[in-house]
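**Q** The primary structure of each chain is shown beneath.
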Amino acid sequence: MSIVINEPGLIAEPEPIRSRGGIVWDTIRRRPSATIGATVLSLIIVCAVLAPWIAPYGLHEQVGPPFGPPSWEHPLGLDDGGIDMVTLLMWGARISLVVGFAATLVSMLIGGTIGVTAGYFGGKVDGVLMRITDYFLVIPDVPLMIVVAAIWGPSLFHIVIVIGILLWTSTARVIRAQVKSVRERVYVKRARALGAGHVRIVMRHVLPQVAPLLIANTVLTIAVAVFDETALAFLGLGDPSRISLGKVIENAFQRAAISSGAWWAIVPPGVVVALLILSCSLLGQALEDALNPRLRVAHVSARGFRLRPLVGRNADAL
Amino acid sequence: MSALLETEDLQVWFDLPGGGTLHAVQGVSLGLERGERLGLVGESGCGKTTTALALMGLLPANATVSGRVLLDGTDILRGAEETMRPHRWVDLSMVFQGAMNAFNPVKTVGSQIVEVLELHQRAVGRAARLRTGELLAAVGIPDDRADRYPHEFSGGMRQRAAIAMALACNPSVLIADEPTTALDVMVQAQILELLDSLCRDFGLALLLVTHDLPVVAQLCDRGAVMYAGELVEHGSVDALFHAPCHPYTRLLFAATPDLHGDGLPASIPGAPPRLDRQNEGCPFRPRCDRAFARCVDQRPLLRTVAPEHGAACHLNDVAAEVAH
Amino acid sequence: MSSERRGCGGRALSSNGAGALLDVEDLVVAYPIARGLAGAVRRRPEQRVLAVDGVSFSVDRGELVALVGESGCGKTTTAQAVLRLVEATSGRVSFDGRDITELPNRALRPLRRSMQIIYQDPYESLDPRMTVRDAVEEPMLIHGLGGSRADRRELVREAVARVELTPPDLFLERYPHELSGGQRQRVAIAASLVLEPELLVADEPVSMLDVSVRAGVLNLLDRLRQEGLGILMITHDLSTAARYAHRIAVMYLGRIVEIGPASEIVENPQHPYTKALLSVVPRRDPRDRKRPQVLTGEAPDATRIPSGCRFHPRCPVAIEECRAHDPELLRPRNAVSPDHRAACILA
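Chains as they are written, first to last, in our numbering: chain A, 1 to 318; chain B, 1 to 324; chain C, 1 to 347.
In short, the hints are calculated from the structure, not lab data.
These numbers were taken from a predicted model, which means no experiment stands behind them.
There's no promise every hint is true.
[As the list claims (entries may be wrong)] Which bits of chain B does chain C cover? Going by a derived footprint, with three or more residues having C-beta under 8 Å, they are:
| id | segment |
| --- | --- |
| 1 | 188-196 |
| 2 | 206-214 |
| 3 | 267-277 |
Glycine included, each C-beta is placed from N, C-alpha and C at the ideal position.
Just chain A, with the same shape it has in the complex (with noise of 0.2 Å):
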């Protein structure tokens, strides 16, 4: 038993699942953008998880005058408490990244069930989602969060919803394409004519082919999530117990950071934020990319083969 070999050329074929790790580790490890975000993102990651354990300084602990340049024992100088800067943002990291997946589970909860349920069911059901979506599609986001976090007042937990509820229609959408697809595919109608029930095509069938987009969609919405709360945090309606990065680049706004000239109490924090969506969106679009059902076509080109010269073998010619 031998795998059959379709001669390349014009034939179409589609990227078949190497390992068991699927496509996302494939991905990961074969295309640059993707093994860079996914480095960055790791690092970034690991450092805010272990912050209480690998933090230089205390999150509380006054270490030097307000506004300290920095300096060998203080790399990125201190904030306006004095505070080192290398601490608070390993801390800032950490509840940046805390809103940034919760909301992000929210998202791809609600995004999820409601684009499965629309392009598994189609018809009315469809049509009444979609309505739904768009609806939610038309708000926009930033005042809609400044009014909720202005009325119901700023804490972690309406953050984490308001962000959530905006940002799952994106998911909603892709996923309902994906799996409007999925749902075309002859081994799905098999299973239907075998008298599968709707329960298990999803769960079976549906959802393992959908997995992989709903993954590169949710690192792509974890970027967008985290911006989001930067930008509330910046605005001052964050949560004023709890240091994001956000809040940092806030605390040093109010300060009189600017005019005092200590750009290190400004541009670090702003540039993890920035290093961190840019890496979850380096990845998110990795993964797009190569989930597309992509077939590798050869395109018939001129100009473009190799000659060897004559390899000496007898044959009868014609």
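Using the hints provided, position chains B and C relative to the given structure of chain A.
**A** Quick look at chains B and C alone, frame taken from chain A:
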């Protein structure tokens, strides 16, 4: 008189994405006379489409080619693109696999043929449109259809238009790669009838690349059978069916159901060998019903077994030895 | 016995005199055509396309009936309607004597075990994330059969061996992309066999496989047929139908135009369309080159069905009356077998 189109020991290797090479065409030598119809037959993966593309010089960047392609005695492969380009579409033209689906959907069919004419400096403007009308008429498409878009044509008509496009520059050789796959049997008959009359009327030589043996038996004068990148037998279609000299040819015919007759066709067990590694002995041996000791480690060479009939099989060598 | 009324020609009594396994009577499947906004506003009457327009035939246990025709003739829709994958507009489908046309889904579900379908595309029929074992086991899990886990594993093994994928252990843990087309198709068949079906609908089961592999899969189906399975095979390849089918039904534009024993249809066709189709099928032997009767044009689409006999615009022997008269399936004058029917006034 030399053949119109000849290949000598044509070889094609493809670089594989994960490293290694695929030896897709392993020394194919065939010849096509003026006005002759030759059927290049084989199953998926045998290298027939790659051979056809090599003849046109249309292989991608990860391909390496060696051997000679002689057009009227001159090796056009020698200078790669430089020597192949002047002949492409002008002397040697091709209807690709799936050509009927390769039309630009946002341009009319007529304009796409005009484009070909203008690119090859055959005609411009009004003259080009006139010529397009002639070409479409030759393939049985009424004049007023030239201004329609591809989606307004049926599959059969699009295939005709693809043939018209291939004939734009009056080539002397037409290569047709699976021209009737995916078409209904009646439409297939129409296209084959069309190819038949075009070859007669324009004196075209036809290289028909297909997996469908009966089509070759009906339309072609001669056939060449490929397996695992090699040419295993060639000869008149009559000889191939009535006196095959290679077990694969014989078994392939036996596996093809026929409209009349008795019994059920028999499949050939196993699968073709992988072409990304070196294989010893005869590539068909694992599936052959008449393999013997020599087949294990010696590659059979293509030898003449009768006038205009060659095969690559040790059984013929043994017969020849015994005769001496 | 067999009356001369329309649509009855295909219904052969089974060998033991009991009713056939599958009996289809006057099946009609219609699809609505979208009117569009302009049409709806102007209140144009809703038009329907009759993809299948009055088809009758039967399939018996141990018998292979081939439904042949070109694209658009309605053969695939017929097959799907038989399995209730598509709803019939009118007519009757009986399985093992039981009318299943209107059966609600709940009652239909257990019957799905007995009626299975094999699809054309082996590269798409299997879930790429499931191993061969998973794929063959799934039907049992769906219907709650097979007993304990060990019992199921054993049944899976048997099914895989039965489709000639031996040794089974070599195949059980493989993923579809590691198998060839022919092997995948065999796995799909094994997955059907595990439920012990009585009727198998095979929709172009080998058209996407290499020639050298086709006979293997078809011979396997033939062996299963000999063991009692009834098979309805959809195909456009008349040569395959000629070799493997007991009876052939030729379809054109939603109707059966000729039906009868396979050998009779192939050697003694009576309908002009059948004759033309048979004449253009390429033969293996180069010496068998007869003059093919190539029809011009292509079959009109189902929204514009010609008046009278549907085939008359393309018919090489049409007469004036053919334009007005829509022929019934009747026994032709020159028929040899009592079960041969053709819908042509000249037959």
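**Q** Against each hint, give a clear statement of whether it holds in the structure.
**A** Outcome of the hint check:
1. 188-196: Our answer is that it holds, as 5 residues pass the Cβ test (under 8 Å) against chain C, meeting three.
2. 206-214: holds (count 4)
3. 267-277: holds (count 4)
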